[in-house]
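A.B. asks: With the hints as your guide, set chain B onto chain A.
Protein chains in written order, with our numbering: chain A, 1 to 156; chain B, 1 to 291.
If you're looking for bench data, these hints aren't it; they were derived computationally from the structure. By construction, the Cβ of each residue, glycine as well, lies at the ideal position given by its N, Cα and C atoms. Take the hints with a grain of salt, since some may be wrong.
What the simulated footprint calls covered on chain B by chain A, stretch by stretch (three residues with Cβ under 8 Å from a Cβ of chain A suffice, anywhere in the stretch; the number is not a length) [what the hints assert, rightly or not]:
1) 4-16
2) 46-58
3) 98-112
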Amino acid sequence: MPEIEIALRVNGRAAQWRVQPGETLLEALHAHHLKGTKLICGTGDCCGCGVILDGRSINSCCTLAAQADGAELLTIEGLSQDGSLHPIQEAFAEEGAAQCGYCTPGFIMRAYAFLQEHPHPTEADVRAALGGNICRCTGYVKPVAAVLRAAEMMSS
Amino acid sequence: MLNITAYHCPTTISEAVALLAEEGCAVIAGGTDLLVNPRYMVGVREVVDIRKLGLDYIRHEENWLCIGAGATMRTVARHPEAQGLAHGVLAQGAALCASPNIRNTATLAGNVASALPSADTPPALLVLDAQVVLTGIQGERIVPLEQFFTGPGKSAREHELIRELRIPLDTTRKMGGGFYKIYRTAEDISIVNAAASLLVREGIITMAHLVLGAVAPIPLRARKAEEALLGQSPTEENLRQAAEIARDETRPISDQRASADYRRRTSAVAALRALRQAAGLAKIEEVWQHG
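Next up, chain A with everything else stripped away, as it sits in the complex (with noise of 0.2 Å):
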C-alpha cells in the first residue's frame, strides 16, 4: 500500500507523517502516540474524537489523515501551556465535569473553538454548542456550567 506524505502543525510544532490512504485522523494521531484523543463511536455520532483542524472543530474518526494535509492542527494534548492548564481545563476540573473522563477531550476541543467565536455565551448557546457532544455518564449539567465558567475566566 503506497503511504502518503503530508506536511502539518501540530500543536504548534511542523510535522511531517507518513500515512495510509485509507487512515483516519484518529487513527494518525493515536500512531504518533497522541492518545488524549478518544476513540468512542467512530461513526461521527458522540464528537468524542473532537479536534480542531484549520480553527474549526472537526471528529478526527471521519476525517482522513490525509485531508490533513498542510493543515494546523490543535489536539487536548496542545491546550496547556508551559505546564499550566487551559482556563477550559481548570474549569472543568474546578466543577468536577470530567466525570469519567472518556468524552472529556472531545467536550473540552469543541468548548475551545465554540470560546473563541462565542466569548461570551448564555447557558442556552453553551448547551446548544455542546449538543452533538455525547456524555454516556449522562451529566451534561457540570460540562455547561464548566464551559460558562471558562468563558467568565478568560475575559477577566
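C.D. replies: Below, chain B alone, put in the same frame as chain A:
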C-alpha cells in the same frame, strides 16, 4: 482504517472527473458519510478529495443562487442569502443537520449525493426548486433535484461530481418557507422532517411545495397536498387539511428510530408546522444562530 489503495486530491475539475470515470473511485469532501457508512464504500478502492477545487462558494449567477460542492453546512446555515430566502428554509435545514463538528465539515452537496430519505437539506432544496449541476468526462448536465433521487442511497449521479446546486431566485424570492424536524436529540437523524414553500398573491395560494423526509424511499413531494392548497387562502384550517392529505401520501417504514405508524402520524404534525411557517402563521425560529 478504510480499505482503500489511493487518496487523490486534484486541483482542477478536469483531473477530478477523469479520476471519477474509473470504476471504484468515490468522491470525498467532509467524509462524514463516506467514512462511517459501509453502504458508500462498497466497491470503492480510491477516493477523490474535491476540497481543493475551489468549489466552496455561495454566489449569484444571474437569477440563480449557486452553492458549490465544497460549501459546508456551517457555511450554508450562516449565509445571509440562505437565511433570507423563503424564511431561511435552507439555512434551517442546514443548521439542524447533525452536530456542530459535523456541520463544520459536511457539505450540502454531500448531503444530496448521499441520497438518504432522512436527510435534512434535500426537502428544503426541493421546495426551492433546486437543480443539480453534474460534471463528468462527457461534460456537464443539469438535473432537477426532483429527478435526482431514485431510491435510498441511490441517485441519477453516474461517475460524476456534483459541481454545484442552484436555486432559481425569480420565483423563490417571493415565497414563504418553513422547515420542521422531529428528532430526539440535537445531533439525531430526522424521525420525520418537512419543508414547505408557498407563494401567496392577494390572499390566495398560487404555488405550493411540500416535501416530507424519512417517510418514503426518497424525499417525498406531497403532490396531492400541494394541489389541495392551490387557490385556497392560507388559513390554519386549510393548512391542516393539506397536512392530513400529505400524511396519507407517506409510505414510511419501521426502524430503530420510529415505527411506521409513528412516522405516519407525526408526518402530519411536521407538515403542518412547516406550512404554518411558510404561511407566516408561526414564528420562524432562527436556528441558524447556532448553525
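A.B. asks: Among the hints numbered above, which are violated by the structure, and what are their numbers in rising order?
C.D. replies: none
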